[in-house]
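Since chain A is already given, all that's left is putting chains B and C on it; use the hints.
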Amino acid sequence: MATESKENLTKPLAHYSHARQAGHLVFIAGQGCRDPETDVWAGVTFDKSGNVTTIDFEAQVRGVFRNIDAVLAVEGLTKHQIIDIQVFLTSMTDQFPIMNKVWNEFFKDVSPPPTRTTIAVKELPGLNLIEMKAIAVAKDKK
Amino acid sequence: MATESKENLTKPLAHYSHARQAGHLVFIAGQGCRDPETDVWAGVTFDKSGNVTTIDFEAQVRGVFRNIDAVLAVEGLTKHQIIDIQVFLTSMTDQFPIMNKVWNEFFKDVSPPPTRTTIAVKELPGLNLIEMKAIAVAKDKK
Amino acid sequence: MATESKENLTKPLAHYSHARQAGHLVFIAGQGCRDPETDVWAGVTFDKSGNVTTIDFEAQVRGVFRNIDAVLAVEGLTKHQIIDIQVFLTSMTDQFPIMNKVWNEFFKDVSPPPTRTTIAVKELPGLNLIEMKAIAVAKDKK
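Chains as they are written, first to last, in this note's numbering: chain A, 1 to 142; chain B, 1 to 142; chain C, 1 to 142.
It is worth saying that the hints were derived from the structure and are not from the lab. Heads up, the beta-carbon is just placed ideally off N, CA and C, and yes, glycines get one too. There are no misleading hints in this set.
Here are the computed distance ranges between Cβ atoms for each label pair:
{"id": "1", "chain 1": "A", "residue 1": "T54", "chain 2": "C", "residue 2": "E37", "range": "44 to 54 Å"}
{"id": "2", "chain 1": "B", "residue 1": "S111", "chain 2": "C", "residue 2": "D140", "range": "19 to 29 Å"}
{"id": "3", "chain 1": "A", "residue 1": "P36", "chain 2": "C", "residue 2": "D140", "range": "32 to 42 Å"}
{"id": "4", "chain 1": "B", "residue 1": "D94", "chain 2": "A", "residue 2": "P97", "range": "25 to 35 Å"}
{"id": "5", "chain 1": "C", "residue 1": "G76", "chain 2": "A", "residue 2": "G76", "range": "29 to 39 Å"}
Lysine-lysine pairs mimicking DSSO-like chemistry, simulated, CA-CA at most 27 Å apart:
{"id": "6", "chain 1": "B", "residue 1": "K108", "chain 2": "B", "residue 2": "K139"}
{"id": "7", "chain 1": "C", "residue 1": "K108", "chain 2": "A", "residue 2": "K11"}
{"id": "8", "chain 1": "B", "residue 1": "K141", "chain 2": "A", "residue 2": "K139"}
{"id": "9", "chain 1": "A", "residue 1": "K6", "chain 2": "A", "residue 2": "K139"}
{"id": "10", "chain 1": "B", "residue 1": "K141", "chain 2": "A", "residue 2": "K79"}
{"id": "11", "chain 1": "A", "residue 1": "K141", "chain 2": "C", "residue 2": "K139"}
So here's chain A without its partners, still in its complex pose (with noise of 0.2 Å):
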């Protein structure tokens, strides 16, 4: 199976890998909703003076499961490997309804699902509502 480029993925805001591998476990860096494309947050629309407008919180849940997904990718493995998320909301009220549909919809063809744990906390690096710390489940132990 061939992996995918590592282009896919978001640029490192420091000095930290987006994967690494240790016995039977891959660990995955918390991942935001940036575009590795164009580097803008998902979902967020600004005015003509660079001034955020609206924040689309489902488009940005989807941006955090396509950077898993990319990730995934460059070390051969799918959201089938995924064993534990943790969430990171900044609204439980608002957010975790919609994040709730989103991941259902993701996870829906996934038996067993991962486990799960939600938090709402203060801040998130730049203009993210929503980022995700994965653990997989490594092709061959190292």
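Below, chains B and C alone, put in the same frame as chain A:
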């Protein structure tokens, strides 16, 4: 050793698993304090109109440990196999000493105890003032 | 390789371990910046009445890495074995650039560097403005 029924577990709020094993580890989904039988959060008192009047934080901590115990039991494990816990509070000042008291009681006979990381977050799902994410050592590696 | 003394570690605030191994991994408890010798948080200045006057955030980041180094040393490990870190800040805007600067210095010679997830939370224990949770690769699997 007979494993416990999954009927002792809270109903997940979306398509995720309560526990997943990979290699030597069992990942457990973030556990709040909802009572699996009544589906009501531990320690919460409501008035006649259904509004929350008081929340007993200590009862919530005990509810979280009860739910972790129940998930471990389904896997044929006990608290003696837990190796790492993340504790999510919603107020450090008010809750940290109470959480530590119940923690020390719960893990009194466990040696060595798990590693631990405690943070206070903005919000947790539902009426949870506390939630914990645990990782345990599997009996047999897969 | 001689391992370091546990006297270089901060006293845990409850019955938990600083490090636990399972299979290929070593889990490390969340590390703040308290100095193991003085039991005082790094970078904090007090006035004559014992009130906090200033907190040097950069000194706190260095204090966290010093404490992670100390826990790793007891296990016979170094920063080169770290594979995953969760960074907990208390203000993204003020602290993210400074954390990144010290992070890049600390991991400069580490290749590949660990995966990373950064969130800003509501509160951390004591006078910590930053805390980190690390997972390392064990030398010999158990």
